[in-house]
Structure formats: C-alpha cells, structure tokens
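Enquirer: If you read the sequences in order, they're chains A and B. Reading the first sequence from the start, the letters are residues 1 to 177 in my numbering. Reading the second sequence from the start, the letters are residues 1001 to 1507 in my numbering.
Fair warning: there could be bad hints in the mix.
What the hints assert, rightly or not - Short, incomplete list of chain B residues facing chain A, as computed with Cβ under 8 angstroms:
1) L1145
2) S1228
3) D1360
4) V1411
5) Q1418
Everything labelled a hint here was simulated from the structure, so no lab data went into it. A virtual CB, placed ideally from N, CA and C, is assigned to each residue, including glycine.
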Amino acid sequence: MRVAEFVTATLIALASIYLMWKSGEGPSWDPTVKRFANIGINIDNSGPGSGFWPFWLSVVMMVSAFAVLGNALLGKSELSRSRKPFLTHFGLRMMLSVGGALFGFILLIEFIGFYGAIPLFLFYYIYFLGRHSLALAMGIAVAVPVFCFFFFDVAIRIVLPKGLLEPAFLPLYEIFL
Amino acid sequence: MDVLALLLNGIWIALEPINLGLALLGIIIGLFVGTMPGLGSVNGVAILLPFTFVIQQMTGQATSPMIFLAAIYYGAMYGGAISSITLGIPGASTAVATTFDGRPLALQGKAENALVIAAVASFVGGTISTLLFTGAAPLLANVALKFGNPEIFALMLLAFATFVGLSGDDIPKTVISICIGLILSAVGFDIISGAPRLLLFDSTEWFSRGIQFLVLAIGFYGIGEMLSTIYETKNKTEISEANMTLDRLRRALIKSSEAWKGTLIGSVLGFFVGILPAAGATPASLMAYGVSKMMSKQPTKFGTGAPDGIAAPEAANNSASTGAMLPMMTLGIPGSPTTAVLLAGMVIWGLTPGPQLFTDQPDFVWPLIGSFYVSNVIAVVVNLAFIPLLLRLLRMPFSILASLIFVLSVVGVFAAYQNMYDVWLMLFFGIAAFFLRLLKYPLAPAVLAIVLGPIAEPTLRQSLILSDGNWMIFLNRPIAGPITIVAIILILLPFFHFLRKQWRGTR
C-alpha cells in the first residue's frame, strides 16, 4: 500500500504539471500568443483567459498531491503505514481476468461489432469465470444481443456498429427497419 | 395558483397511466439495484440515463424520464436495507448503518421484523421529507431568483467546501478528486472565448468534444464499483431467510410502531443533512443512527437489533434523498452523486436547472413533486410485496449480474454519444476508479465536480469581469458574502481540528 500511495501521488503531481503546461497553450491559429499568456485574472481588462481555470486548478491539484506525498513520508496516513499488499493475489487475478475481458470486449467491438463481441464476452464471463452451465451461458449470451438489437436498432433507431458482421445483418435490416 | 393547487395538479399528472407505469418500473428497478450489493441508486440512475431518451421521445416531455429516474432513486433507498439485513452486506453505502441493528435482528431469526421496520421507516421518512420539500422549494427558488453570478459561484464554492470540511475523507485526496472533476469538465473548448484547450496529447479526435459527464459517471459507478465489489466480496455471501406470511407481516407492521422515535429523528435529520451539498444519504443515515442512539433510553441495545437502530438510518436515507433534490431543483446544485446524474439528465433533456425552473417550467416541477408522493406509496407497497422475490434475486450469482452490468455500461455509453472513443475513456475511468478507491480517494467529489464545472467556471469568470478582477466581489455582496464566509470556514475547519489536536498533544 505504501509504495502504491507514493507512486499514485507522484503520478498525480506529474499529471498536474502536464495539465498546467497544456492549460497555458495559446490558440493554435495565432502563434504570436505566448504560452501562459492566458492564465491571468484580468487580461487586457477583459477578465480571466481561457487557461485561468484549468491552470490554477492544476496548481491546487499539484499542491494536494504533494500533501499526500508529505503525509505518506511522515507516516501520517493510514495507508502509508500499512504493510498490506496493494493488490492481493486474488485482486491481481481478478484484474487480469475481468479487466482483461473488458479490454478484449471493447477491442472486439472495433472488429466484429457489438453483436459479435457481446455474446463472446458474456459466454466467457458466465461460462469460464462464473463457472455456470453451458446452457445458461449460451442462453444469456444469445438473449442479450437479441434484446439489444430489437431495443436499439429496431425500436429506438440507434444503430450499434456491427463491424465485419455487417453483411449478416442486411436481411434483418430489410425485415425490421 | 397557490402551492396546494399546483401540487394537486402535479399529483394528478403523476397519476397518469404512463407516469404511474414509469414510477412503478423505476421503483422495481430501484429496489433491485438497491438490493444488489455493488449497485446503488447512483449506478442505476447513471447506467439507465442514456435509455431515458426513449422515454422522452415517446412522451415528448422531460417530466416522465425524470419521474422514472427519481423513482429508481427512491426504490434504491428502500432496497438497500434488504441486503443489509438478510446478507449483512449493505446493498448500497446509504444502507451501511442499517446493518448495525438490522443484521443482528435477522440473525435472531426475526429478519421479517427488521425488513418491515425498514420499509415503514423509509415510507415515513420519504413522506415527511416530501412535505418539507413542498413547503421549502418554492420559497428557496424565489430567493434564488435574485442570485447573480457571484452568488451562484459562492454556492459552488460552498458545495466543494462541504466536501472538504464535512465529508470525513482524507482532505488532500478530496481536493484532488474535486480538481480532477473540474479539470475534466474544462477539456475541449473554452465556452467563453471559444478557444480550444486541454486537448490532451494533442488529440482532437478524443478530446475536442470534451469529456462527457456520463462517461465518467458510468466508468466510475458501472465499471469501477463493480470491480471493487468483486474484489471486496470475492463472491462469497450468506443469506438469512425471511419467512414472510400475511400474518407475520401484520404482526411485524404492528411491531414497527415501536420504532417511532428513530423514524422521526431520521426523517427530520435526514432531510436537512440531505440538503447540504455533498452530504447526501450516507452521512445522513450514519448521523441519524448516532443521534438516535444518543437520545435513546436504552443505548446499550443498539447494535443488538434495536428497532430504532434500523428505523433511524432507513428513514434518514429516504428523507435525505428527497432533501438532496431541493438544492438540485431550486439552485441547480446537486446534493449527492445521484442528484448530480439527475441534474445532468435535466440538461440533456433540454432543461435549465435552477430557480427559473419553478417559474418557467411548472409543468415539469410540480408533476415531479407529485410523483414523490405517488412513488413513496408505490415503493412501500411494492417493497413489502416483493421481499420474497428480492430475496430470491439476491441469490442470483454475482458473475451473471456483473457481466450484464458491464455490457449495459458499454452499450449505454455508446448509445448516448455514438462513438467508441467515449467507450474507451469509460473503461479507463473505471479501472482508474478501482485503483483510486483502493487508495481511499473519494470519487463522489469528482462526479459532482464534472457536473458543476461548466457552471462554476463561467460564473467565476463573469464575476471577475464584473469586478475588474477584484476577488472581494464574493465577500462584499449581501448574499454571496455570507455564503463565501461559510465556505471558507468549512475549508478551514479541518485545519482548526488539526491545530486543536496539536495543542492538546502538547498539553
């Protein structure tokens, strides 16, 4: 926990510095405007610039991240005294199996669309992770995309992407849309 | 028209078949999400918000989707108690305090008594708070009509200060969470000058449209919280049976009157805590439990199954959920993460939350208030009738529920914005939320901040334009001044506590 507390606070502090840098950017169409010219409170008597709000918030965030680091260094926070691991063995396995499955699910959508990815994800999750029966896993993996198709594509006309499976849906479009 | 006539008209509209049906559906969904550990009102409302466009399309008005979502909020407050009592795991954080006495009573074989006490207390809490809401809302909206930019910004400051001063979470981490939400709300374009800004990694495809509130909310509550629940419970749960027959229900209803004191304390306290921005139903229920114990003649019975110990938090969480609607409707400031989602919904449906709602959109406001009364009655009846069914649902394997929630989250975000960038961002926020929760970073402030950011920034900047860059504008106006001072005191409160501790230590 202690290391994770340090690492996270450091990452947040670094992200704050990056956000301060980005906030100071002038408009891309006018290269004559200098960086950080937009963070003042009353620029040319026309009030705060576009970078004012995000810049100073990033400063506050950076100071707070240093405070978290300080608390951790002085051992004032509970987590910085904790010797427990940040992620238990179960947690690591869960992140790989569940987080990985979610990542794979969304990646698959890019290729085989929602109606290809949803059944695969549900089947993997219910059959392999949940260890339920094949019939139950298959039933849910088929029922959910069918419901989604009739709800989204047919009823409310939000067409979910189908990727490579698009040709298979053409006959369905002709019937239902 | 006076308030009573407006209210009666509102109740009449809320009783129209479509609105009644939506309230019933919302209550059932709310009871379900409230009952299931890992899901709460905010998850339910956030995940289902994209689907409310259909309701708006069908009915052609914003009242019906709002009645639906508000009913989910209500239902979830009732449902939270069911798993707290029978499982010993709170269905939602708002029902944590219900486990203190609800679980011991269930372990004594009296689960049905605990469930009925919780349902009745929830009903009383919901009704008292709705009455208070009806009286206070038009008055507050009337005052708020006089608010200008400095006053609105001062209120925003107060909302964030409440998080810092009263939430009880680690202060630097709370401030970081607030900043994350506010900065994310600034990504895309500057709404005043029109200049592009914070296009992270110079990517216009990903960030030029800004970061949508729902992407963050569903990422945090749909993905992040489910991952946390899987991690924390490891899918291991044990249910106490509740033997619910009509005769037992009747006896339990009679017995629930024993808890009148806790119910009353919870109802009144819950409403006022709920009004405070950033407080919401969870601290309200914990506070009500504490006060109820303090005022009890037999405080030692608390923790062993005392009826007041169940009634107080349950009345309080329902009451607070109505209380949290008050600043959302009258000032445009949400009092809880769930009301932040509701507020975002109102914006999406084309409404401008704030005091003008009461004068410009009475057709929206009063049917909604009417629906609070109607939903409350539906909720208590459905809750008592559905207890056996909900207990069966609790046996539903978590792996099935989790997989369905994940699919619903992904599809919901895509349906709302129709691009895959937002779906990827949602996954990123979900995984980040899981790790941040492990490190005890509070997430609710970020969710509130991303909603409030687009109001807070322009009001601050326009105030500073008005004052030629003089910050005193927030202190020397009659309404903004006191609000800012209270906000500053709240921000400084933890420092006073720290100094007092140090001083005591040196003595």
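Enquirer: Hint by hint, note whether the structure agrees.
Expert: Here is how each hint holds up against the structure:
no.	hint	verdict
1	L1145	violated (25 angstroms)
2	S1228	violated (10 angstroms)
3	D1360	violated (28 angstroms)
4	V1411	holds (6 angstroms)
5	Q1418	holds (7 angstroms)
When held up to the earlier numbered hints, the structure conflicts with 1, 2, 3 and fits the remainder.
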